[in-house]
Structure formats: structure tokens, C-alpha cells
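Engineer: Order-wise, the sequence lines are chains F, P and D. Its first residue numbered 1, the first sequence is counted upward by one per residue in my numbering. Its first residue numbered 378, the second sequence is counted upward by one per residue in my numbering. Its first residue numbered 683, the third sequence is counted upward by one per residue in my numbering.
For the record, the hints were derived by calculation from the structure and aren't laboratory data. Predicted model only: the values in this text are computed from it and were never measured. Even glycine gets a Cβ: it sits at the ideal position worked out from N, Cα and C. One or more hints might be untrue.
[Claimed, not checked] Cross-link-like lysine to aspartate or glutamate pairs, in silico, EDC-like; alpha carbons within 16 Å at most:
hint	chain 1	residue 1	chain 2	residue 2
1	F	Lys-306	F	Asp-22
2	F	Lys-84	D	Glu-709
3	D	Lys-994	P	Asp-469
4	P	Lys-567	P	Glu-556
5	F	Lys-51	F	Glu-276
6	F	Lys-84	D	Asp-708
7	F	Lys-174	F	Glu-184
8	F	Lys-24	F	Asp-57
9	D	Lys-994	P	Asp-467
10	F	Lys-24	F	Asp-56
11	F	Lys-154	F	Glu-184
12	D	Lys-994	P	Asp-472
13	F	Lys-306	F	Asp-325
14	F	Lys-84	F	Asp-22
15	F	Lys-306	F	Asp-57
[Said to hold, decoys possible] Stretches of chain D that chain P covers, calculated by requiring three or more beta carbons in the stretch to come under 8 Å of a beta carbon on chain P:
hint	stretch
16	809-817
17	821-828
18	940-946
19	974-981
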Amino acid sequence: MFLRTAVLAASTALLGAMAQADVKVGMITTLSGGGAGLGIDVRDGFMLAVKQAGRDDLEVVIEDDQRKPDVAVQLADKMIQSEKVDVLTGIIWSNLAMAVVPAATAQGKFYLSPNAGPSPLAGKGCHPNYFNVAWQNDNLHEAAGAYANDAGLKNSFILAPNYPAGKDALTGYKRMFGGELAGELYTKLGQTDYAAEIAQIRASGADSVYFFLPGGMGISFLKQYAASGVDLPLVGPAFSFDQGILQAVGDAALGVKNTSQWNKDIDNAANAAFVETFQAEYGRLPSLYASQGFDTANLLISAMGKADVADADAFRAALKAAEFDSVRGDFAFGDNHHPIQDIYVREVIKEGDVFTNKIIATGLSDHADAYAAECKM
Amino acid sequence: MTTLLFIEQLLNGLQFGVMLFLMSAGLTLVFGVMGLINLAHGSLYMIGAFAAAAVAAATGSFLLALMASLAAAALAGALIELTIIRRLYDRDHLDQVLATFALILIFSEGTRWLFGSFPLFLDVPAALSGPVTLPGGIQYPAYRLTIILVGLAVAVGMFALINRTRVGIRIRAGEADREMIAALGVDIAKLYTFVFALGAALAGFAGALVGAIQSVQVGMGEPVLILAFVVIVIGGIGSIKGAFVGALLVGLTDTLGRFLLPQMFALILEPSAAVSVGSALASMLIYILMAGVLIFRPRGLYGVA
Amino acid sequence: MTRETWTNLAALAVLAGVPLWAYVADEPFIITLATRAAIFALAGVGLNLALGLGGLVSLGHAAFFGIGGYAMGILASHAQAYAPLAEWPFLIEGTKSMPVIWLVAVVASALAALAIGALSLRTSGVYFIMITLAFGQMIYYFAISWPAYGGEDGLSIYVRNGFPGLNTLDPIQFFGLCFAVLCAVLVLMWLVQNSAFGLALSAARQNETRVLSVGMVPYRLRLVAFVISGAITGLAGALFADLNRFVSPTMLSWQMSGEIMIFIIIGGVGRLFGPVIGAMVFILLEHTLGGLSEFWHVYLGALLLGIVLFAKGGVIGAIAGREKAHD
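With the hints as extra help, turn the sequences into a complete structure.
Structural biologist: Right, here's the structure in full:
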């Protein structure tokens, strides 16, 4: 598991240079097994920003957590005890974040989350050294609920896997959605056949379907839904419509509305440059996860320009200021160090042979999360 | 809940059962004839799906993709039988479990190395992509009906192969008394390679067929493997008939459990708690079924003592 | 002394020596790795009683490992939040004391093993493997969908639990504690193996009829062995959760059961020190192979395959010969 790709950023050309690595970052992410695609995207986005910054005082150590919480905890111990890193980042999954983040921040390390945003870390369990650069887990679902109101939907059937992130998702949707619920279902985690659920959707009399089924579950659901002949409008969070998996869903995803805080057509200079350089560097379109990795690295680099990591208070303030050009456009941290940002509604389209998304509306503007009030720090 | 919905769910359960039968037929065949626990069965399922996705992407033909899945999985099966599996026949189950577990690791990461970390695209053929209307007004996906028919055809084919052909006679004889049929001049090594390749081909075929409505990705074989084991254990390991009955039983139990349990709990609990408790119980239901069957019939429904 | 005894002593010396060296060299992470190995070894020693001595191939031992882990997680989280577990019929408070947690973990996993064993032991062979797997899966899915203790997210404990007279947050002291538990259990296992019970259990594995004919009931022997086995694995689970200060359903997954089994097979089935050497080798492999490539699982798989095919009797079998190999 101890995949070591210690990367000395950019100007390694200066052999024997005096400059010692001033900030050492430990990245724990998923690089092998089923969920590897997400970790690889976060890593590639992060390293692209590091490379572009060309700083010789930034060192990144990358290790593979195999999507196992105990391995992630062990890696965090290793990075803190042996590598003596200053900042940790990289974790994709909420359950792994819950295992690593509280202990790491309690030991005085900074943690920048490029993907997971479990609700306890935004509310009662918030910590001054924890910064979430992606979203609080409920955010995209809340935007979907708001969009459903705007679109005049009155009666939704909602479903998600039976685990905490699934419950957060449906809670988020219900928080914003003003209509009735035609049905609410929790499916088995990792389930691949949805015939029984689709039959219930058909019989429920709903006017729309909201689903949160990340990864392979979403691919299966979308294909089976398209084949079933049920033609109610589908709404989902970006996770089931990401660049990495859209190609595997194919036509079944065309026209589906989904919510995301980022898309490749957001009109700002930073984003245009990001999309172009990412494609040039890796030969594929960047995904949501890649954009989050890229933003995370740029946030860190912006703070490095303003404060010394050894001075924790100053560095924390520099992170909190978030003075970097986010590829999402406007970006700020709330009091609980979670993003305040716009969340968009996207539609799946086909550009040539490639399935991708385009923004059609703004779901929520300058949206913060629902747990900020519970955070005391 | 209407009668129509209930009938549709019964159909879904049947369809899921047939799907499970396709996945488990090869596994039970290999166990019955060679006494081998093959955890890598799920990997062969994955190989079939990946081969089909690759060929479908290159040629655009679903039929060619299905043939590729059969060929690729049979080839992979024959290859590992000749190099590795045949050394395991006279080992205990523990060695078999570990060796085939090692094969899972090799196949999974090998596939990821070849095809990358992202899921592949494999779609149902256009002719079968929509729903058809059944008598009574039930709309049902044409592809799923096809799966039911194909699964039933495979079941009939397997029965015919085992009960009506010369190879089948040898397979049954091999199950009963390995030394005797070797003494009678049957090349037992070749027979075993054939049976293992056949089992592998069935797994790969199922992978391609089911992969078209699910997600073709690394690791797709593992949940299937566990389900297939549940099926063949309920049916009685080694019995094709048992696998068929077991598959239908598991398919119906799982589908109806997912559908009915939350509604039943809604009668006694408040809605959100009912959904939560019902779903939790539904996800445990097939294992409860399996444990229940084994407690009363320790060798499964059709297992031989 | 036989070669096996020497091998065993060498294994213990390495397991104790490496962390001591790491302590001197200020490499705390190596100590953590050694602690992990000691805990996995303990889990393996537990399974080995059922598997090696009793011939009961259980693919559900993660259930006990996880129950032990959750015993720690639940007690410590209640203590952390100052919320009692139950107020009726009598007050049950959470605790941060390791000895109490261990006791609860052992009792809880022993009870689970009693229930699962009583039902599962009606079957044998492959059916036993599969029914234990089924019970393991039931508990796994229950833990994932049960919201009270975190579901799939698991439970985090911010500070490691305490042991009288020790600072458990110090890696070397926590290692010492785990190592001492491992040694104590190894002594216990040695006593069990050579007791009348152990000999009868072993005989029941080799020839059931003969055991029946002398008036003993193999079912009861096996059930007792299964319960002790589950209890030890549960104890290991409590320690593992404390090492990570975290427990989640991953500890209950069937892959975990497979891993515990792998330790035993690498080391040598039925050998007292099989799981100890197996766990050490496994951790070493994980640590070194992981550095080679992103696709290190391929190498791990190939190595495991090599061990099964060519090193019958595991590492100990290869070193010490087959004098005491399992049938």
C-alpha cells in the first residue's frame, strides 16, 4: 500500500539547492481497487496545480488507502509520525475522512478536504485546522431540491443506498424540496439490480425521481431506468454524471439534470486554463474530482504565499481568506471552514462522441451548509 | 399496492433469479465434478464483461461481443486450469480458497492495468433497448425478458448436456468415482479442463449479458461471487437443479423482501423508521434464508449426503 | 528443542526486537506496524484454534473481530459523550478503561460465537464455510445500515483508551501491551492444545467415529472450540480498534475474514505460531510490495499463489519440515 511517489515539485533541476521543503503535504487517496478513478483524478488535479506553481518549497507524499479506513488511519499515523507532514489531504470517502480527520487535526495538522464533507465535521465536530474545499455532503442534494422547486416538480420519488451518506443525501434534498414525496427508498449498498425499485417508481404516481447512487450503482440504475420505459424526469447529484463514468452510461444519461458546484464550461480564466492544461497533461477531460484537487492545491499555495506554515495561526488565517482563483469562480469559506459557493444545475449532452455536461441554471447562489450554526470554534 | 405491481415484482424476482442462475451454474458444475471451490469465478465473470465491452466498442455488434465473452472467459479458464487449478484438486478446501483468492487479486489488478480505472461502456442491442407491453398492461424491458429466455435455455441446455450426452455421462461418472473412470480409459485431465473451461465460459457469458444493464468495472465480480455461493449452497453444491431452484428462491426472496418489508414495517412504525428498518432487514434477508435452509437441511435442498 | 520451537522463538524475538530498535531509532511508525502485526497475529491465533486444531474452516471470523471492535467503539463513545448506554433496568455507563472493554469484547464475541457456532456446526465442509460466511454478511449489513453507531462511517474515538499504569498513547507502551496479551494467549493456546480437550478436538478432526466410540460428542467439543476461538478474535478486534482509535463495518467484511485466514495459511495451519509468523510476513509484504507499483496486488496474489502451491505447511512447514503438519 505504501505507494511512494514523493514528488519534489517543479524546480528539482537545482540539484543540491539550499531550499529545504518548507511545506510537506501528505496525500492519502484511493489509487487501487474499485474506487481508484476518483482518487486518481484528485491526485492529478492537485499535482497539476503544484507543477504549475513551480515552487521548490512544496513537497507532496502520496499514498494509496485502498478505500480501507484502517489503512487510511495507519497512513495518517505514518505521515504524521515518520514523514512529519504539515498538511494532510486527499481522502475521497466520508467514512475514511471520519476515521482520519479528527485525530489528525487534534494533533495540530491541517487537513484540506478535496472531496468528502461528512456532516459531523461541519457541525459539532468542526475544527479550526479542518478546511473543506469541495462541499458539505448535503450541498449538491440541497441544490437539487431547490432546482426541483424551480422546475415546478411537485411529487418526487427519492432513493439512495442505506448508509450515512445516503441518508444525508435524501435529508439534503428534502430540506429544500417543497413538494410531496411519492416514495422514499433505501437500497442495499453495492446493489446492482434495480428492477424492483423501478417498478415501484412506475407505480408511485410521482412526477420526478431523485436518486443518489454513486459509482457503479448509478451506472446500473441509469441503464435500467432508460430501458424500463418510465419517462419521469430524473434529477441527481453530479457524482453519477461525472466525466469518468458518463461514457460508461452512454445514451441512458442524455438529458438528465444534475447538480454540481463545477463544470468545464464555467466562464472564468482560471477554469479555461485548467481545462486546457489538464487535457494537455493527461489526455482526458478533467472531472469534478480533478477540479476539486486542483482548487485544493491552489488554496494551499495561496496560503503559502502569505504565511509560514510553522506559524499555525497565521497560516490558518491565510487559508481562511481563500485568496486564490478558484475554477468555480467565487469561492469563500464560512465560519465552519466549509465553502460558500454557487451550485449549478447541469444537463448531460453529447459533444461529438463524448458525453459531458453543460450548465443550464443556477440551483443555489452563495450557498452555505446547514450545520454551520452547530459549529463552535 | 396493486395486484399488477405485485405481479410485476414477481416477474422481477424471477428475472433476478434467472440472472443468478446464469452466474452460479458454472460454479456449481465445477464444484460438483472436481470438488473445487473457485473464488475466482467472479473474476471470470468480469473477464467476460470486459471482453464483451471491448469487442462491442470495436465492432458495434452485441452478438460478436457475446461470442467474445464466451471465448475470452473459456480461454482464461482453460489457461488457469492447466497451469494452476489442476494442482488444487487433491488439496483441502483451505488451499483452494487461498489460491483462488490470490487469482482474484491478480485478475482484478491485471484488468485495471489493461483497461484503466474507469467503468467501460456496454449497452444492450438497440432492438431490445425499450420496454414491451405484456398482457395485463405491464410494461417490461425487452432485454430483461430476453435474459429470462436465455437463462431458461441455458438451464435446459445444461440438463441435456449432463443427462443426454456422452460428455455428460463422463462428467457424472467422474463425480461418482474418479479412479474408476480413469481406469476405464477416459482422459480425466482433459475432461476436467473441458468442464472448467465450460464453467468459465458460462461465467463470462453471464458477465456480458448482465454487464449490459449494469456497470462493467473492476471488482464487479465480487458481490456476484458471494450471491452465487449463496445460491449454490441453498440448492446443494454440485446440483444444477439445486442451483436453478436456489437461484429462483434467492431472486424472489430478495426482490420481494426489498419491496414488501419496508411496507410491512410501515404498519407498525413511523414512515422514515420503517423505511430504514425494512431496508436493513431486506439487505440481510438472503443470508437469513441461507442460514435457515442450512440449519434444516445441512447439505442444501438437493445436496447429496 | 525442535526446529519448530527455534523458529517460534526467533519469530517472537523479531516481533519484539523490531519495535525496540524502532524506538531507539525514533521510527514510531515501525512500532505501529509491529503493533498491527501483533494484533493480527492474535486474531489469527483465535481462528487457528477452530481452523487448525478443530478443522473448522470459518469464513466468518470477521464477525467476532468486528464485534470486539464495536464493543470498544460503543463503550468508549458513550464514555466520551458522558451518555450512559442504558438507564433501564439498571444504569450502564460507557468506559475508557481497556480491561473492562476487553472483558466486554470477549463476552460479547463469545456469545455471538455460541449462537453462530450452535447453528453452523450442524453443517460441515464447504457448507460450514458458507454458513459462517452468511452469518458474517448478516452482521456486516446490519452494521452498515444501523444508524445509531455511525453506520458505514464507523465510530471515531479521539483518545486511545487507558490501561492502569501505562500511557497507551505512547506507541511503544501500547505495543508492549498488545505483545503481552499475544504471549499470554499463546501460552493459553499451548495449554489447550496439550489438554485432554485439545487432544479430543484434534482427534475429532481426524476421525469422528473414533471420538464418538469413546463416548465424546464431537459437536460439543467443536462448539467449545468455536466459542473460545471467537472470543480471542474478539479480543484482537478490541485491540485493533484501539490501535486505530476507530471502528467501522470494514472490520466485519468477508475480506477481513479472508485476511485472517491468510495469516494462518502463510504461517502454517495448526501450528501454534503459524498466525504469528503469517501476520508478520503479511505486514512485511504489504509494506514492501506497496512501494513497487500501483498494481502491487498482482505481486501479492502471485506470492500467495506460490505459497499455496509450493510451500505446503506455510513458512513454518518450509523451515521446520512436516513433522507436525496438519493432516
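Engineer: Check each numbered hint from earlier against the structure, then list the numbers of those it violates in ascending order.
Structural biologist: The structure breaks none of the hints.
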